[in-house]
Amino acid sequence: MGRIPRKYLINRLITLALTVLIAASMIWVIPRLSPVDPAEIALGRMASGAGAVANAEEILAQLRAQMGIDQPLIVQYFKYLKGALVFDFGLSTATFPTPVSALIAQALPWTLGLMILSLVITFVIGNLLGALMVWDHSPKLAKVAIPAAMVFTSIPPILSGLLLMWIFAAKLRWFPLTGAYGLTVDPGWNWAFVQSVLHHGFLPAMAIVIVTFGFWALGMRGLMITVQGEDYVKLAEAKGLKPRYILYRYMIRNAILPQITAFALKIGLLIAGQVLVERIFAYNGMGKLLYDAILDQDFPVIQGVSYVIILITALSVFIVDLIYPFIDPRIRHEGG
Amino acid sequence: MSDALLDLRDVRKVYGDPDTGLVALNDLSLTIRKDEPEIVTIAGESGSGKSTLANLVLGFTRPTSGQIMFDGTDVGNASAKQMKAYHRQVQAVFQDPFGSYNPFYRVGHVFDMVIRNFKLSSNKTEARQMMEEALNAVGLTGDDVLRKYPHQLSGGQRQRIMMARAYMVKPRLIVADEPVSMVDASLRASILDVMMRLRDEGGISFLYVTHDLSTAYQVGDRILLFYQGTLVEHGKATDVISNPQHPYVQLLIDSVPKPDPTQRWQGEIILPAEEELRTAHSTGCRFVPRCPHAQPACSAALPPAYEVGPRGHRAACILHAPPPQA
Amino acid sequence: MTSTDHQAEIAADKAARKRAKRMKRFDNPWLNPKLIWGAGLLLAIVALGLIGRMLWNLELVYTGSTPLKLPPLGFENLRKQPGVLDYPLGTDGSGRDILALIIMGAPNSLFVGLLASLIGMSTGIVLGFTAGFVGGRTDDVIRVLSDVMITIPPLLILVVFQSAFGDVSLTMMALLIAGFVWQSPTRLIRAQVLSMKQSGYVQMAQLSGASTTDIMFKEMLPNLIPYLFGSFIASVTTAIVTAVGLEVLGLGPQRIPTLGRTIYEAINAGALIQNLWWWWGIPTLLLATMFIGLLLINLGLDEVSNPRLRKA
Amino acid sequence: QNVAREDTVIFDLDRTIKDPDNFNWFTPGTKRMHGAHQTMWEPLFILNYNTGALDPWLATGFEANEDSTEFTLTLRDGVEWSDGEAFNADDVVFTVNMALENEEISSREASTIRAQVASVEKVDDLTVTFALKEPNPRFVVENFGVRIFGSFLIMPEHVWNGEDPATFAFNPPIGTGPYTFTSAATNRAIWDRNDDWWGAKTGFMDLPEPQRVIFLETGGAESRAQLMVTNELDAAQNVGVGTFEAIAAQNPNVIAWHSDYPYAASDPCARQLEINTTVTPWDNPAMRKAVAHIIDRSQIVNVAYEGTTVPSETMFAQYGSMAPFIDAVKEAGYGLPATADVAAGQALIEEAGWTKGGDGIYEKDGQQLSVDIHVNSASTEYTRTIDIVVEQLNRAGIAAKAVPVENGVFWGEVLPFGKYEMSYSWLSCGSVNEPWASMGRYTVSDVVPVGERSPGFNNTARWSGDAAAAYSAIVDQMADLTLGDPEIPGMVAEAYQHLDAEMPFIPLVQAAKLLPMNTTYWTGWPTAENYYNHPFFWWNHTHQIIHNLEKAG
Amino acid sequence: MSEPVLSVRGLKVYYATPDGDVLATDDISFDLERGETLGLVGESGSGKTTATSGILRMVSSPGRIAGGRVTLDGEDMIALSDEEFRKRRWSKLALIPQGAMNSLNPTMKISAQIADVVRTHTGAAPDRARVLELFQMVGLPERIYEMYPHELSGGMKQRVCIAMAVALNPTVIIADEATSALDVVVQRVVAQTLAKVRDALGVSMIMIGHDMGLMAQMVDRIAVMYAGKIVEIAPVADMFARPGHPYSKILIESVPSLTERRPMKITEGITHDPRNPPEGCIFQLRCPHVNDGCTKPQPMRELRPGQTVACHRAEELEGAHV
Ligand SMILES: Nc1ncnc2c1ncn2[C@@H]1O[C@H](COP(=O)(O)OP(=O)(O)OP(=O)(O)O)[C@@H](O)[C@H]1O
Ligand SMILES: Nc1ncnc2c1ncn2[C@@H]1O[C@H](COP(=O)(O)OP(=O)(O)OP(=O)(O)O)[C@@H](O)[C@H]1O
Ligand SMILES: [Mg+2]
Ligand SMILES: [Mg+2]
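Chains as they are written, first to last, in our numbering: chain A, 1 to 336; chain G, 1 to 326; chain Z, 1 to 312; chain V, 1 to 553; chain X, 1 to 322.
If you're looking for bench data, these hints aren't it; they were derived computationally from the structure.
Just so we're clear, the structure is a prediction, and the values are computed from it rather than from any experiment.
It is possible that some hints are incorrect.
[Claimed, not checked] Partial pick of chain G residues on the chain X-facing surface, computed with a CB cut under 8 Å:
{"#": "1", "residue": "L30"}
{"#": "2", "residue": "S46"}
{"#": "3", "residue": "D193"}
{"#": "4", "residue": "V256"}
{"#": "5", "residue": "R264"}
[Unchecked claim] Computed footprint of chain Z on chain V; a stretch qualifies when at least three of its residues, placed anywhere within it, have a C-beta under 8 Å from a C-beta of chain Z:
{"#": "6", "segment": "225-236"}
{"#": "7", "segment": "239-248"}
{"#": "8", "segment": "297-306"}
{"#": "9", "segment": "377-387"}
[Unchecked claim] Below, in silico cross-link-like pairs of lysine-lysine (DSSO-like), each with a Cα-Cα straight-line distance of 27 Å or less:
{"#": "10", "chain 1": "X", "residue 1": "K196", "chain 2": "G", "residue 2": "K258"}
{"#": "11", "chain 1": "Z", "residue 1": "K80", "chain 2": "V", "residue 2": "K513"}
{"#": "12", "chain 1": "G", "residue 1": "K81", "chain 2": "Z", "residue 2": "K218"}
{"#": "13", "chain 1": "G", "residue 1": "K81", "chain 2": "G", "residue 2": "K170"}
{"#": "14", "chain 1": "G", "residue 1": "K119", "chain 2": "Z", "residue 2": "K218"}
{"#": "15", "chain 1": "G", "residue 1": "K119", "chain 2": "G", "residue 2": "K148"}
{"#": "16", "chain 1": "X", "residue 1": "K196", "chain 2": "A", "residue 2": "K140"}
{"#": "17", "chain 1": "Z", "residue 1": "K218", "chain 2": "G", "residue 2": "K148"}
{"#": "18", "chain 1": "Z", "residue 1": "K218", "chain 2": "A", "residue 2": "K143"}
Think of the CB as a built atom: it goes at the ideal place given N, C-alpha and C, for glycine as much as any other residue.
Taking the hints into account, I'd like the entire structure generated from these sequences.
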């Protein structure tokens with residue numbers, strides 16, 4: 001508790017750096033295992049629009065130079081690592097020569113803002129429902145309804161998105177169909193914009209929520225069962241505390257701790273998992289960027305997005321590790 | 001020292017960093033002789049390093065420094081093969097009899113394992129006979145228990161079977177780490193009785209680890225009392241318990257509740273703020289913070305074990321330091 | 001007096017019978033109703049695949065082998081065509097029979113899930129045991145490796161494979177997914193091995209001169225079975241969800257009918273607005289069935305290994 | 001400021017605007033399709049797909065010298081950039097020179113100019129002369145006439161001067177069009193009417209009615225359909241016929257090119273099966289011909305297109321402007337039937353020495369007759385077509401297999417290098433008002449060995465030999481004839497005999513696009529009845545569409 | 001004699017298991033007088049904790065209260081609604097749980113855990129001074145106010161539980177093996193603390209344990225439980241001097257002495273399956289003095305004033321060693 005010991009911090013930082021380095025190297029190596037030549041592909045894509053391209057050799061040479069693939073692999077690798085340090089992933093091949101970092105800069109706020117928010121909502125709802133599945137005082141209905149609702153978890157997110165869109169946007173017209181904000185509002189810090197963003201964000205967020213809450217609910221259920229049998233919960237009951245208070249302060253508070261670590265570990269996966277939801281709602285976050293990049297085989301962008309996702313995951317694990325002693329007083333920073 | 005069965009020389013165990021870590025066992029020397037089997041009791045409060053000693057002797061952990069010699073072999077540096085041979089000579093019974101059984105197998109498995117691995121017998125009927133004999137030694141019969149699962153037995157039965165298992169190997173030494181602390185009072189006696197019989201009839205020595213002084217008094221030949229990793233007093237069990245010399249041991253013995261409503265505790269003891277003096281840096285007597293007789297000299301150096309009575313009764317307290325020779 | 005005796009007897013008899021009945025029900029914890037239902041649902045899907053293959057004309061999974069967009073029997077599509085017996089579950093927009101598609105597709109999805117988690121589990125067992133037993137550097141390496149794998153999105157790997165090989169097979173897909181499901185069994189087993197290493201019976205085995213392999217496989221492994229089973233089921237679920245996710249993105253096998261790809265094609269063709277609900281709905285229903293089956297097995301296993309959950 | 005919905009027209013955008021702050025169209029990306037070249041940048045001419053005529057826009061006309069090596073273009077008087085500066089020959093010369101001098105600007109139009117133009121000169125403020133490297137009667141339509149998708153766009157010299165054309169972002173952008181840029185994000189761009197537009201002032205044209213034009217990313221077929229139903233979209237990208245019917249059922253105001261089945265408008269690139277003529281057994285023309293016999297085009301139309309298109313009769317896109325050439329080929333007897341003649345095909349195969357094996361597949365010397373067909377996996381239209389072809393070939397005794405590959409790989413690695421046996425393509429694309437653009441792509445001058453990139457993606461089938469040489473000779477001759485020369489149809493038919501005999505590719509079907517258009521707020525959309533031009537609103541000619549829109553009701 | 005503060009009559013708590021009900025607490029009755037400390041002893045699994053949870057109405061599935069009556073301060077506890085009963089908990093009937101080690105919420109500060117029970121029952125959170133006063137009463141240092149449970153030693157945690165139990169001046173405290181997990185020295189300190197607050201506040205107490213030595217030190221009367229039944233109740237002096245039930249005798253005699261070495265009593269046999277108690281005496285399978293009469297029901301009967309026992313041979317065996 002209290003200050004984070006220096007030695008521990010350094011230790012964790014090294015682990016963080018190592019994880020990111022290895023992961024970043026892997027995403028660099030993997031595309032290079034593929035026998036295709038990215039410059040040829042970029043040229044091919046250029047040609048695919050009109051069925052022909054003039055001065056192919058000339059363009060190819062330029063593409064190679066601009067992509068930096070005319071250099072020896074080892075030079076490319078270190079350049080990549082150096083670039084990654086400052087979020088410079090080179091230029092997108094699909095929208096050459098837009099810098100990848102510019103694309104990410106555009107997408108990241110949306111993902112961080114709304115998508116993370118929906119992940120947080122999922123986390124909260126999932127864990128709450130998981131807790132209710134176990135709690136003695138939950139309504140009978142909850143014990144039947146919640147497991148039933150978990151069937152949604154088997155639905156691919158895109159389908160849940162489309163169904164929500166179909167019901168709530170197309171039929172009921174409660175929510176807009178697509179986009180991140182209305183056509184008539186000006187982006188900025190004004191109420192109309194914020195309102196519009198929330199209104200537009202609701203359905204995509206729900207699409208994610210209903211298919212992922214089950215994961216958390218199941219995990220929480222198991223943890224709650226363990227906690228429910230703990231002596232301190234029994235004593236709390238003997239103390240005559242109100243059941244609801246026991247639920248929050250004694251049961252959930254303790255059961256949630258491993259879930260927080262799990263959340264940090266899953267965050268990257270969850271962001272990547274949203275690609276199609278973002279696509280059908282034309283919601284321009286990292287997921288959509290990744291999806292488009294996949295369709296275009298735009299490896300610099302795929303690399304950049306993956307790197308950012310990796311970084312977010314690694315950082316969240318790092319942060320959770322650091323703050324864990326504050327949320328779980330039993331754990332002390334080792335090595336300090 | 002060819003007559004030493006087990007010989008510990010300045011054995012030290014530090015958990016964590018050798019300089020700043022926790023000293024679980026502080027430079028212990030102890031000898032158990034070959035010729036006369038005895039029950040050596042290791043006693044002390046929780047965390048005083050009793051199990052650490054047991055694990056060292058069993059070869060589950062290696063000493064940080066010092067040497068553990070068993071009949072000429074160095075246990076601290078034994079190879080896997082030597083260790084196997086060693087375990088033919090040294091067996092154990094643990095505190096939790098239930099945990100000592102693999103829940104997946106029937107009770108017979110613990111015997112089968114021993115017979116197979118130590119090649120005690122390759123013949124089925126002979127093997128069965130060996131089991132039967134070992135079980136009889138602890139007052140059980142094979143038909144009763146071997147085909148059962150561990151959870152189908154009482155705690156006392158489980159522990160006695162463990163004794164039987166150790167006995168079947170016919171070792172020279174059995175390390176019994178709190179063998180009765182999880183067994184009901186009414187069943188305790190039968191297990192301790194088995195120990196005494198194995199000593200007397202089987203010629204097996206015991207390292208009996210316990211925090212219960214009364215059983216130590218009842219069965220132990222010798223007793224060693226530990227406080228926070230250091231040996232504070234040792235001697236014949238009857239001598240030490242009826243006439244304790246170290247302030248800690250006195251407190252300990254005084255605190256054992258007497259089963260007599262007319263002899264209730266006199267006076268009140270106060271525990272000072274707990275403070276452990278057992279990192280490798282600590283000097284002096286570990287008991288200083290709680291000792292009613294503490295004096296500045298106590299913190300200077302670890303007091304040696306002064307002779308305080310006949311038959312090797314010694315206590316590590318400067319109260320018993322012989323007056324400086326003029 | 002005798003009459004009360006008699007009544008008591010009857011009552012006792014009743015109680016005994018009731019108790020016997022209850023005992024029977026609880027006799028074998030594996031006869032857990034959730035477990036049975038769950039396994040039943042999965043078996044039904046396997047049976048659909050096996051029996052379907054024998055009874056149904058599988059040629060109908062080829063493009064253009066049926067009329068387009070026919071509804072299931074008893075329904076009508078937007079063009080007012082009724083469903084026909086030849087294609088009882090309707091047809092898709094490329095002229096394929098939905099029944100044939102799911103007969104081929106559902107076992108494929110299950111296959112990917114099972115294979116991926118089988119590989120993942122085996123890796124997890126080996127690595128978990130190694131990490132827990134060997135410890136030290138090896139443990140560190142395995143831990144960092146699994147941390148790294150957690151941070152890498154599976155999508156990336158799939159994309160690269162597709163561009164390199166043009167297409168992935170079911171087995172390849174399973175292999176790739178296996179690369180993402182081994183971490184949690186590894187961690188679980190490692191933790192269990194570490195705690196078991198301290199356990200009395202492992203120490204007893206050591207004292208009995210058992211070798212390391214004996215200790216690992218004869219003493220530890222049997223006790224891990226419930227964990228392994230639960231973890232296996234959980235990873236099958238993860239693997240199926242991942243596989244379907246990738247297929248729905250269009251990144252799965254291109255030429256093999258799978259439930260995910262069928263949904264992908266339905267969505268691509270605008271099946272929702274055309275009210276071609278059977279096209280996406282039937283594969284989704286099958287996925288849900290599979291998922292419920294796995295969920296039930298998981299809950300059932302929980303109850304088997306954790307008696308606190310069993311209802312009296 | 002807010003603009004009412006009824007004054008706004010919303011077009012569908014089928015992809016993300018990756019870099020909404022960049023308006024340098026010389027670099028690749030979506031820098032034009034989100035409204036820039038539909039509302040802000042105007043072309044010099046617009047090709048009319050119905051009549052084949054070049055409608056003047058920023059230019060008023062052109063003249064060519066005898067051998068089509070020098071072109072003189074006359075610009076319209078009174079054209080202004082939206083910042084008030086005059087648009088004149090200096091801008092044209094500056095922009096063309098920029099393309100000539102900067103090899104690193106890679107957009108297709110700039111490369112084409114670089115490949116064709118030797119030099120450009122200003123004659124006076126409204127006259128520019130181009131000297132070409134080689135005779136090219138189609139110079140204007142190819143470069144300045146919106147032949148397909150875009151045209152070479154003229155940029156304002158006073159803004160671009162001194163900038164590095166490879167990196168300049170051109171933000172804020174200006175153009176000569178009736179709309180100016182208002183804002184853009186990755187999923188939409190907004191353009192507002194410039195009421196001070198030169199065209200209205202000079203009487204060239206009235207101000208268009210819509211006050212605002214929005215290009216909105218819709219996120220796939222389902223969402224664009226929903227948006228169409230809820231009137232949140234005025235013109236949508238391609239949808240399937242079932243989807244269109246569903247939309248129309250829910251919103252009767254939604255129309256398409258044809259008011260009835262098959263609704264869709266044709267695309268300039270007809271679909272075909274490319275055959276690598278260097279790989280045995282397909283190096284044998286008879287075998288290729290056999291495949292042509294076996295393929296049933298009408299089944300492709302019915303299943304892959306749900307009847308929204310027609311089978312190809314020749315290699316050409318079947319536009320009105322192409323009718324003379326198509327007719328000439330058909331009259332000469334080289335038109336393709338809609339249905340298959342499997343027996344004839346099998347006869348040819350058997351003649352080549354193949355016999356049917358037990359499993360119904362042809363065999364020769366213990367080898368099965370098999371073929372891998374590469375197909376771009378980017379669109380289900382492609383994969384479905386090939387699925388059907390594969391089925392047809394298999395039934396006829398050829399063990400065919402589809403090999404779907406990703407778009408970039410298909411175009412970058414498979415097609416140009418000839419690394420395929422057969423592949424699904426639309427490489428004869430090009431001709432919309434004259435035949436050479438398509439036919440010129442199969443001449444022997446473009447033949448390179450397999451493994452080398454075929455120049456300009458031409459003749460990837462590597463068709464050579466006597467017939468190919470004879471064909472090439474005729475086509476080369478055609479190249480230098482001016483547009484509309486009466487000799488041409490005859491020459492087309494003459495050359496086509498070699499194509500028909502050797503089949504380096506097999507025309508399959510016409511391509512079609514079904515674009516829903518919403519008449520709730522706007523009428524005047526291009527349709528078969530109101531054919532002022534074709535309806536592809538992501539092309540540079542969309543200016544015409546916007547000018548034709550009228551408020552509904 | 002005044003009316004008992006707590007009276008238990010015929011309490012039955014059963015656990016349902018796959019093979020039938022475990023009769024964990026079967027028909028037990030006893031009274032607790034005002035200001036008195038009653039010891040409840042018995043071997044592990046004899047149903048001591050279960051009896052407590054029956055009294056506190058905290059039996060959770062698969063257990064159930066199968067019958068009985070509990071009167072506290074003249075109020076029938078069984079008749080109260082759940083919500084009413086919740087209010088009685090702690091304010092009248094406090095518990096020092098078995099295994100205080102695990103009975104404190106690891107994520108809440110010690111002070112907060114004391115505060116929440118006070119707040120729930122009085123409506124107002126206690127001020128710091130009150131909490132410190134409680135700490136002082138049980139000999140805990142002030143510094144633990146801001147600490148978390150894991151930062152305390154076992155003995156300290158046990159004392160926190162004691163402080164918590166007395167926070168509301170309850171009428172009855174049930175101390176369930178409050179010291180069995182502790183070292184003798186610490187055990188002595190904790191036991192003394194308990195005795196001190198008991199005497200200071202005049203509460204009545206039920207002390208559960210299996211250590212006869214400790215009982216001898218602490219309690220006024222002893223109730224001996226075996227396999228779910230109370231087999232003997234007697235004042236502590238009588239119990240040690242003249243135990244009436246063979247099982248009580250065994251318990252007392254198996255306490256090893258620290259003063260004389262003597263051969264230990266060995267009792268054989270295994271406790272019966274708790275689902276299938278034998279007819280008649282509950283102890284017959286292990287009793288060294290078993291005879292035919294033991295298969296008859298053994299009701300509790302008065303052996304002498306204040307001492308009741310469930311053995312038909314009690315008089316006959318008096319004085320005999322086991
Ligand atoms: N593996 C370990 N790593 C670090 N510290 C340890 C380890 N094992 C034991 N210790 C510490 O060493 C000290 C001695 O422990 P040990 O288990 O020997 O005590 P003990 O006397 O057996 O106690 P108990 O009576 O509770 O069994 C304790 O403070 C314990 O916390
Ligand atoms: N949840 C349960 N399900 C089934 N049987 C149970 C359950 N809880 C307790 N029991 C059984 O009830 C009996 C009494 O248990 P209880 O905990 O009351 O004993 P105890 O006297 O408090 O023992 P200890 O001294 O070990 O605390 C035991 O046989 C026990 O196995
Ligand atoms: Mg120990
Ligand atoms: Mg208890």
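How the hints compare with the structure:
{"no.": "1", "hint": "L30", "in the structure": "violated (23 Å)"}
{"no.": "2", "hint": "S46", "in the structure": "holds (5 Å)"}
{"no.": "3", "hint": "D193", "in the structure": "holds (6 Å)"}
{"no.": "4", "hint": "V256", "in the structure": "holds (5 Å)"}
{"no.": "5", "hint": "R264", "in the structure": "holds (5 Å)"}
{"no.": "6", "hint": "225-236", "in the structure": "holds (count 3)"}
{"no.": "7", "hint": "239-248", "in the structure": "holds (count 7)"}
{"no.": "8", "hint": "297-306", "in the structure": "holds (count 4)"}
{"no.": "9", "hint": "377-387", "in the structure": "holds (count 5)"}
{"no.": "10", "hint": "X:K196 x G:K258", "in the structure": "holds (19 Å)"}
{"no.": "11", "hint": "Z:K80 x V:K513", "in the structure": "holds (25 Å)"}
{"no.": "12", "hint": "G:K81 x Z:K218", "in the structure": "holds (20 Å)"}
{"no.": "13", "hint": "G:K81 x G:K170", "in the structure": "holds (19 Å)"}
{"no.": "14", "hint": "G:K119 x Z:K218", "in the structure": "holds (18 Å)"}
{"no.": "15", "hint": "G:K119 x G:K148", "in the structure": "holds (24 Å)"}
{"no.": "16", "hint": "X:K196 x A:K140", "in the structure": "violated (47 Å)"}
{"no.": "17", "hint": "Z:K218 x G:K148", "in the structure": "holds (19 Å)"}
{"no.": "18", "hint": "Z:K218 x A:K143", "in the structure": "violated (40 Å)"}
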